[in-house]
Amino acid sequence: MASPVGKIRILLGIAGRNLFASRARTAIIGAILLLGTALVVAGSSLVESVDRGMRSSIQGSLGGHLQVYSAASKDELALYGGMGREPLLEPIVDFARVKEALSRVPNVKRVVPMGIDQALVAGGNQLDIGLEKLRADVRFLEGGDRSAELLRRYEAHKSHLRRMISLLWDELQASRALADDQLIRDRKQANEDLARASSPAFWDGFEKDRLGSLEFLENRVAPQAMEGTTTFVRYVGTDIDAFMEAFDRAYVVEGERVPKGQRGILLGKWYAEEYLKLKSARRLDKLKDARDYQRRTIAADAELQRWVKENQSQLNEIQMQLDPLQAEEAVARLQKGLGSSEKELGKLLSELLRTSDADFDHKYRLYYEQLAPLLQLYSIRVGDTITIKAASRSGFINSVNVKVYGFVHFRGLEKSRLAGVMSLLDLMTWRDLYGYLSREQSEEMTALRAAAGTRQVSRENAEAELFGGGGGVEAVSQKAARIDEAAVLADIGGRKKSDDLFDRVYTQEERDRGVALNAAILLRDPSRLRQTQAELEKAAPGLGLKVVDWQKASGLVGQSVSLFRMVLYTAVLIIFAVALVIINNAMVMATLQRVREIGTMRAIGAQRRFVTAMLLVETAAVSLLFGAGGAGLGAFAVWLIRALGGIPAGNDQLYFFFSGPALLPTLGTTSVAISMALVLVVSLISGFYPALIAMKVSPVEAMASDD
Amino acid sequence: MSAIVSVTNVSKIYKLGKTEVPALRGVSLEIDQGEFLSVAGPSGSGKTTLLNLVGCVDTPTSGSVVVDGKDTTALSERALTSLRLDSIGFIFQSFNLVAVLSVFQNVEFPLLLQGRLGKKERADRVNGLLEAVGLGDHARHRPSELSGGQRQRVAVARALVGRPKLVLADEPTANLDSQTGANIIDLMRDMNRKDGTTFLFSTHDQKVLSHANAVIRIADGQLLGRETVARAG
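Chains E and V, in that order, are what the protein sequence lines are. 85 is the number of the first residue of the first sequence in my numbering; add one for each residue after it. 81 is the number of the first residue of the second sequence in my numbering; add one for each residue after it.
Simulated from the structure, these hints should not be mistaken for lab results. It is possible that some hints are incorrect.
Claimed, not checked - Heads up, simulated PhoX-like pairs for lysine-lysine below, C-alpha to C-alpha not over 25 Å straight-line:
#	chain 1	residue 1	chain 2	residue 2
1	V	Lys98	E	Lys780
2	V	Lys199	E	Lys91
3	E	Lys361	E	Lys487
4	V	Lys200	V	Lys245
5	V	Lys200	E	Lys91
Because the structure is a prediction, the values reported are computed rather than measured.
Starting from the given sequences, assemble the full structure and let the hints guide the process.
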């Protein structure tokens, strides 16, 4: 035909006029399509943004692009924890071999060894700190210093310590009421020690033997206060240098990186904030966060009011820390800051922490600028040595001491529990905790067994020697009669506590040769992830490894985006299925009403394909028109969310999904394309049957009379 | 004059379930170019069936229908449609205008389907015809804004716009009052005289019959005869 333009024009003209003529029908169809496409565009843009955020969070903080772990593992790898516990993974016995083999795949940039676990951490306690201060004073006294300033400080520290011990004693008496007889008998020795330390006689005699008394307090009393400061830490045992290079989101926020090749731990900053910080400081931070970022007010929010109340009722943690001199200083600073003449520290603290919306910012500054410098805000400080106790592979408890070099944060995920709860532990220490024997250790064990079999030892001494930890290999091998593996392992672990281990620098080879649980793989070209995964899988069976992508490796966390996506797609599917039925119905009705008109057109000389096209153009026009409108609406919604500052991450979990404090969705061109394609497909399918009816209309219909 | 239509021994049988209803039985007819011919007969006599067959919207059960030199029984659906488009104009009892199109667009429609003329030529042709049927200033109106007579004038214009050799009109006056009906027939007659377009229309209105120059009488599916109408003036 010579004039397709004119024909298209008339087709569009007829379609447009028909749509306008039956406005109600068009409006209903349009509304459904509008809603559907708006949902697809906005929803999939959101899901894609969350997906991108989470991809960035997981890949940049722990997951990398791919992960490998032993194919013999009972559980699946779950980097962020499984169902209530860490998954059980079989060890990769020789990481060096795995690294070597995997690095041969061209797209593999880095292979980072990992072992994730949880353990108890016993941090330094207030009693330890008090003793440390007193010992410093005693050292000066013994050195002959008799200045008034020193003596004043010495007395203050002594009375502080005495007060803490009496608090500890009270606590013990209170707990005795609850404990059973067995426990009381077990703790008999500890009890007697504490009773002695809190007696006036002990303190009267303190001056006679300062060093001896200090030793008694340090060895017999301080450990009893330890339990109060125990927390759980989740850590990844890794080659810290390789980790920091591979995961660019990780940065040291305080302190320094563990020196290359040395033992040490970088504690998760979020973990430190949540579990190691003074409760009152933590609550003030949370209040500030709620007020500044979540726009909540103390006046209107019951949770904030509760925090304020708890802060006022738990003043002991602050008072315990202050020796009389510091307490005096604190009173002076608070009087000035609060404009009060109150002399009692407790009341001043209570006044400080009784925050309202009006004075919060002032009191927050006062707390951090005036009070905090007198306090130790975190129960573990950079430079401290902490004891980590973990259940080893063989089931018994392993314990190692490790130096804290600093705190680690994950950029953009500072408030996320999932990322921030993770601490970075050096691989050597992790292997000690994990309890899997390296080849050298195995050889050492065999040698020990052989040696032990030939010696006789007195049973009374055996226990002390085995568990004392200081004895070393010779002592054990000379005295142990019947040695068991656990005892020897404990001893090997014990030896690691010595200071020379902290300074030892391990070579890359030493770090690589040994056990790991899984390994993160970073790719040169992440877009070729699937291909590389296939290549690695080909290489993997020989190594007994399983290769999973970052999403699968992240466990439940990774699945949640799939869940969001599934919910969205289901909703979209339902909407479009409904749209399909409704549009189809409406168009069939409309077509049946127009049989005469269609017959006339056919009689006049319109070919079948013309009337078919007429019907299809009509559904396509209404679909595209409202589809485009819906896409525009969805795009506007996305823009509006961005303009209003995004969707705030209301909790830690969302912080991780959003990869930051708020989700700033971006309009996905694919979402728009997909929505338009969907609309077109739906319109064509729903227009198909009416078009078929139109095609079958005979031109004879035109002749039918009205009556 | 040569025959534009020749119908030879045509039968048409409709099937209603298992019963067969014969609508035409052995009809033969020749229509010459330039005729203004009427088919008359009572309802159900087979008038419409004959028009359908001559108009190529239907094909006979037996016999042959040759329109403009083409045997319709031998043509495909597509070819029949093309034949209708190029050679035949239709005027319907109920006007059958496309409700959503304007008067101008309704008349232009066959030209768009033909696709032979440019925009300007189409407009000239359509406007000329609208002037001729007396609706020159109604081009932008919708069919619903017109009276029955005016609508049928639009239909006449639409039937003629493609310059067909044959125009079929099925009871073109049945839905009009007698005066208006007479006017429509006069209009058709004018066109017939001016351009030599052949008209075949069915009616059972005696007054209308008097305008034709020949009448074919039909009853029970059979042709009763053909009579020439003697006309004054």
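Tested hints:
1. V:Lys98 <-> E:Lys780: Roughly 22 Å separates the two Cα atoms, so the pair holds.
2. V:Lys199 <-> E:Lys91: holds (11 Å)
3. E:Lys361 <-> E:Lys487: Holds. Lys361 (chain E) to Lys487 (chain E) sits at ~18 Å (cutoff 25 Å).
4. V:Lys200 <-> V:Lys245: OK: Lys200 (chain V) and Lys245 (chain V) at ~23 Å, within 25 Å.
5. V:Lys200 <-> E:Lys91: Given that 25 Å is the threshold and the Cα spacing comes to 15 Å, the pair holds.
In the structure shown, no violation is registered for any of the earlier numbered hints.
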